[in-house]
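The listed protein sequences derive, respectively, from chains P, Y, D and Z.
Heads up, the final residue of the first sequence is numbered 1119 in this note's numbering, and it's a clean run with no missing numbers.
Heads up, the final residue of the second sequence is numbered 1119 in this note's numbering, and it's a clean run with no missing numbers.
Heads up, the final residue of the third sequence is numbered 1119 in this note's numbering, and it's a clean run with no missing numbers.
Heads up, the final residue of the fourth sequence is numbered 1119 in this note's numbering, and it's a clean run with no missing numbers.
These are computed hints drawn from the structure, not numbers from a lab.
Small disclaimer: the values here were computed from a predicted structure and weren't measured.
Among these hints, one or two may not hold up.
Said to hold, decoys possible - Heads up, simulated DMTMM-like pairs for lysine to aspartate or glutamate below, C-alpha to C-alpha not over 25 angstroms straight-line:
hint	chain 1	residue 1	chain 2	residue 2
1	P	K1072	Z	E863
2	Z	K1051	P	E833
3	D	K1072	Y	D1057
4	Z	K1025	D	E942
5	D	K1025	Z	D1023
6	Z	K914	Z	E833
7	Y	K938	Y	E1050
8	D	K826	Y	D1069
9	Z	K938	Z	D1032
10	Z	K979	Z	E886
11	P	K817	Z	E1058
12	Y	K826	Y	E837
13	P	K1072	Z	D848
14	D	K1051	Y	D1057
15	D	K817	Y	D1057
16	P	K826	Z	E1058
17	P	K826	Z	D1032
Unchecked claim - Label-pair restraints from in silico Cβ distances:
hint	chain 1	residue 1	chain 2	residue 2	range
18	Y	A820	P	R813	11 to 21 angstroms
19	D	E844	P	P857	49 to 59 angstroms
20	P	E821	Z	T990	38 to 48 angstroms
21	Z	D1057	D	P1083	35 to 45 angstroms
22	Y	Q798	D	E1039	22 to 32 angstroms
23	Z	D1057	D	K914	41 to 51 angstroms
24	Z	G975	D	E1039	27 to 37 angstroms
25	Y	D812	Z	G816	25 to 35 angstroms
26	D	T859	Y	E837	51 to 61 angstroms
27	Z	D1057	P	E804	49 to 59 angstroms
28	Y	P978	Z	E833	45 to 55 angstroms
29	Z	G975	P	E1035	49 to 59 angstroms
30	Y	Q801	P	P857	30 to 40 angstroms
31	Y	P1041	Z	G975	54 to 64 angstroms
Note that beta-carbon positions come from the ideal geometry of N, C-alpha and C, so glycine has one too.
Number of protein chains: 4
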Amino acid sequence: MGKKYRVGILGATGTVGQRFIQLLQGHQQFEITALAASDRSAGKPYAEACAWKLTGSIPENVREIAVMPIEPPLDCDIVFSSLPSTVARETEEAFARAGYPVISNSSSYRMDEDVPLLIPEINADHLGLLETQRQKRGFSKGFIVTNPNCAVMSFAPPLAALHRKFGIESVVVTTMQAISGAGYPGVSSMDITDNVLPYIAGEEPKVETEAQKILGTFANASVEKADFSVSAQCFRVNVLDGHTASVRVDLKQTATLEDVVEAMTEFPSLSLHSSPEKFIEFTDEPSRPQPRLDRDNGKGMTITVGRVFPDNVFDYRFVALSHNTVRGAAGSAILNAELLIDKGII
Amino acid sequence: MGKKYRVGILGATGTVGQRFIQLLQGHQQFEITALAASDRSAGKPYAEACAWKLTGSIPENVREIAVMPIEPPLDCDIVFSSLPSTVARETEEAFARAGYPVISNSSSYRMDEDVPLLIPEINADHLGLLETQRQKRGFSKGFIVTNPNCAVMSFAPPLAALHRKFGIESVVVTTMQAISGAGYPGVSSMDITDNVLPYIAGEEPKVETEAQKILGTFANASVEKADFSVSAQCFRVNVLDGHTASVRVDLKQTATLEDVVEAMTEFPSLSLHSSPEKFIEFTDEPSRPQPRLDRDNGKGMTITVGRVFPDNVFDYRFVALSHNTVRGAAGSAILNAELLIDKGII
Amino acid sequence: MGKKYRVGILGATGTVGQRFIQLLQGHQQFEITALAASDRSAGKPYAEACAWKLTGSIPENVREIAVMPIEPPLDCDIVFSSLPSTVARETEEAFARAGYPVISNSSSYRMDEDVPLLIPEINADHLGLLETQRQKRGFSKGFIVTNPNCAVMSFAPPLAALHRKFGIESVVVTTMQAISGAGYPGVSSMDITDNVLPYIAGEEPKVETEAQKILGTFANASVEKADFSVSAQCFRVNVLDGHTASVRVDLKQTATLEDVVEAMTEFPSLSLHSSPEKFIEFTDEPSRPQPRLDRDNGKGMTITVGRVFPDNVFDYRFVALSHNTVRGAAGSAILNAELLIDKGII
Amino acid sequence: MGKKYRVGILGATGTVGQRFIQLLQGHQQFEITALAASDRSAGKPYAEACAWKLTGSIPENVREIAVMPIEPPLDCDIVFSSLPSTVARETEEAFARAGYPVISNSSSYRMDEDVPLLIPEINADHLGLLETQRQKRGFSKGFIVTNPNCAVMSFAPPLAALHRKFGIESVVVTTMQAISGAGYPGVSSMDITDNVLPYIAGEEPKVETEAQKILGTFANASVEKADFSVSAQCFRVNVLDGHTASVRVDLKQTATLEDVVEAMTEFPSLSLHSSPEKFIEFTDEPSRPQPRLDRDNGKGMTITVGRVFPDNVFDYRFVALSHNTVRGAAGSAILNAELLIDKGII
């Protein structure tokens, strides 16, 4: 079995924090040894501090762990962070400076030039930034690695497949995002029942900038962003889990519909512990992907793509879907940590 | 008060048929004298034949009307049709040939070159096609007039405002459509609960072609379509009434954000009986329009537009919303009939 | 038209406060002259202080009213209160002591022996308590009148009909309550989507005690409670507006099914401004009442009752429904004020 | 591993049929060898005949199985039936007569005197009826065994616990049932969105009669029904899976709250393949059980009970919840088959 890394979770009582705990049940490489949350929770046993919102009950292995304040030191080797962006910037730096690998799901550092914005299947080479990061920030052992925004996660993988083969000129994406993306209590039922919300604070700018960095090129100790432009309109819809992205894309090179589908279906997965069998699953059923039916594909780690067609205005269009709190948050962070171990960085 | 026109409703027991009845309560110009529905219903009193799905109970003035088969003659001066497209083509022609003005909400004739696809505020001059239609089809008194697809209705008005002032180059629209658009029983609750459906049969082609005809130019007894292209991806979301359209648009001429907003807000309404005070209502609240809060603007006859912004890939983007069974169906047909009376055609 | 009373609303920015404003639009007897809300809102124009959650926009006549702190004096003749129970007790007394008639929707005073718990159609004679109240509390001009809990409002009227004719031995009620009953933001969408909540804080005790007072007898300056017992289990369901009550009842005297239905349908409405045509509407359609279809009966002021049947364990069972923020809250308070004017008390 | 029984599923394309297939994936004792469905599907590969509505895709092991007509012979040792009651009576008898053990989820035979209505943990001794059944009906090898209605399944287990210890005098149950209970397409989204339905065709009589047979006593080759009376009001609510029952109960003997909770928590599970660790799980969290959070307890085979309290009208009240298509349908039938094997009857 080998050594298990001892992990701590920052923001452990939140929606994503709960997913971290759920996904780490029975994990071969990690065991949870520390849970940190806001002052209000600190000191209480986790089972008392947390209003558990996932299926079933709080797992036995964390019920009695006393919640710690969100500051170093914590009794662990690695820190997973799902802090709100208001506190993430300062706190995550403090942990990195104190020597912890910080695997962050927060948005604070994603666009910092020296911080990898990582999707292991796509841009593992961006880990080269860590050297730059340590030098620039004066970190000794610690560092910060981030994963993309949950909405970006739903369409960056098929874009990567197309970008690699044909180049991308421009992208228009319209997202229909699940309520769990807003955390708990998050979206009021009075707002979303029989309704669609045309606005998610801060979301459109994230969706319009992250993909270019993810698909950028690592060279000379930095990442040069891909040069396509992205237009994003982001909506909240009455779905529990699973972000749907409606995408149009212009390619740099000519590609047939078969080329496009092949590029997606052949894009390889990895063989890390949490890697799904298929990174991108293509469906040609007319009415798929659907969040309720497809969000759990690959245990929530697969991106499902369907309705790939030539478009009247762009070259192609398609619909992509991912589980926003698994692949779009906690699951991606865990996969990032597995990659770091695999690469010998942790 | 003047003469009241006696109207018949084809497909009277369906979702749109029920809206016709509801909207015609207390109407100054129309009284319902005939209700026609499928053979299964024919002969029964309406109250018995119809599973009423709108708020409240079946209005008193139609409860006892005996449902007729869907064929001429019907005891009325005007026929409103909300027939399924499978039967509409043949049946509506039969009524027109028998001398009835047929005001149709069906898709069958919308794209026929000699049939007006009408939004009174936008293209009343397309009524000139009726002369062509009568000659071509050999109708004496009767004729067919159509209103647009419910999804098209949500974004054609702001497009018209922009088209008139600046010209339109291309449009990308992503719709989030209400379940009432599918009629009753329509969408299974098993399909839409906690879900989004990425496919509505036959919808994307309609949305990609109707706007160009609506915004076309009437000259020489025919309509020349506007020459922009439209890309449409259509989704069903868990909303009862109200279609939301997420739109990007490239203009032919340069326009500032102020120009764009002004073009929309200044687009005039009419003064027909069912005309809303504002044809297009502009909102600058960040989180509007929303279907539940805005679908009933102007008693369901106003198009609400918000989130108008410059776009990274297109010139502008915005969100538009209309009530799909009022302005997007029965209400539009009624407005068309009011226009025809106003123009002296009926 | 006569004099219009100037009314102030306490808790004007909340869900029920918004309903007060909506229902008072165009009211013949009342005009809104003061709006009071929590300190955070005080000083701002109402349109800025309030996150409006009802259909449409904030009515013009209140947009510019500056929100006042919740304390006397307010520029008005009558005060409607929809304060949270935590602050209602002290604040409402302060207003009553300062000479204002306080028409309260809060729970604080409902069960106080000297405070009428009023349903005008049922127990207008309980207004006799006001004399007692003034003496006991030393109020000069002001007083406090309350309306029932929103869930009680759904089944107390049919119970009153049965109680008056046959006497009631015991009642078992199971409620399925709408999310608007919890205010805004109220119930998290993460809690109610694809779910039922078996617990509403503080609700079951209210439902188990208020009906006996409402149906009590006024004599000797006090109300003697009706002597039946009530068992209540209260659930929150995924419905926007409209509380459904599933009721079994044992009667003191024998009654046929026809007797029971007749007692309900014959129970008279009043002729106050907001009185519905029918206080209780009986339906024999097997699948009614339904919240979405029946909550707006009588403009939200009618109680709809259906599925009245003999029961295996009790004498009878039935399903009752009312609009929880209209008849169950703001509408009831307004009706109480209309009654007070009619009786010459205001 | 031992021999695997070859099973056929009648009604294989329906909601419950799909659950059978899902639950039999990787089952140690059963392998699916035959799928039967209505004539429309017969002859097609299952993947083509079935509109799969459960999470993920149709399992590989059944995709290519050709759907058979619903009549004997079928290539299998055991038949699971989830036929609509209209066809179940005749068809299930035909299979039993042809020698197949018929494990039925249909309602047709549940109340027949010679047919076990089985919950393995409660009344395994009712299998003694099979001898009677064979004699009476002239079956040689085949027979029919049934499981309860899905709503009954949610509250019969806690009732059994109380009945065994204290005896039951009477029961009042109000159910809030999930949409999946109506199959597919089943409940129209137009009916259940923002709504509660107070009527489920045929449901209340089933709920009022099945529990007495389940808790009846097997003696002299027949089952004497328990002598308590049941009152049921059944509602459909906007929940995907999971029936909630709101229950009041009068006991024959005095019992403290502790006694009542203990009776439930101590009620033993079995050790069949599909047996959950706990047959009844008791929770004292104020806001549980909830369908979304608790329906999957024990992989959908556990009944979760909470909010057990003394009642004003009855002795006790509680809320019980079960997964209606697992424990309330396919899972129960599979458990019945496992019991039959365990008892040597198959």
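Quick one, are K1072/P and D848/Z close enough, alpha carbons at most 25 angstroms? 34 angstroms, violated
With a cut-off of 25 angstroms on the C-alpha distance, tell me whether K938/Z and D1032/Z pass. Cα-Cα ~9 angstroms, so holds.
State, for the Cβ atoms of D1057/Z and E804/P, whether the hinted interval 49 to 59 angstroms holds or is violated. 30 angstroms, violated
A range of 22 to 32 angstroms was offered for this pair. Does it hold for the Cβ distance of Q798/Y and E1039/D? 28 angstroms, holds
Hint says 27 to 37 angstroms; check whether the CB-CB distance for G975/Z and E1039/D agrees. 32 angstroms, holds
E833/Z and P978/Y - C-beta distance against the hinted 45 to 55 angstroms: The hinted range 45 to 55 angstroms is violated for P978/Y and E833/Z, with Cβ atoms some 35 angstroms apart.
Compare the distance between the alpha carbons of K817/D and D1057/Y with 25 angstroms, and conclude whether the hinted pair is satisfied. Measuring from Cα to Cα gives roughly 19 angstroms; hence the hint holds.
Quick one: are G975/Z and E1035/P within 49 to 59 angstroms, going by C-beta? Distance hint for G975/Z, E1035/P holds at roughly 52 angstroms.
For Q801/Y and P857/P, compare the CB-CB distance with the range 30 to 40 angstroms and indicate the outcome. 56 angstroms, violated
Assessment of proposed distance window 51 to 61 angstroms (beta carbons of T859/D, E837/Y): This hint holds: roughly 54 angstroms between Cβ atoms.
Using the Cβ atoms, figure out if D1057/Z sits within 41 to 51 angstroms of K914/D. 50 angstroms, holds
Starting from K1072/D, check that the Cα of D1057/Y is at most 25 angstroms away, please. 31 angstroms, violated
Going through the hint list in order, the structure does not satisfy hints 1, 3, 6, 13, 14, 17, 18, 19, 27, 28 and 30.
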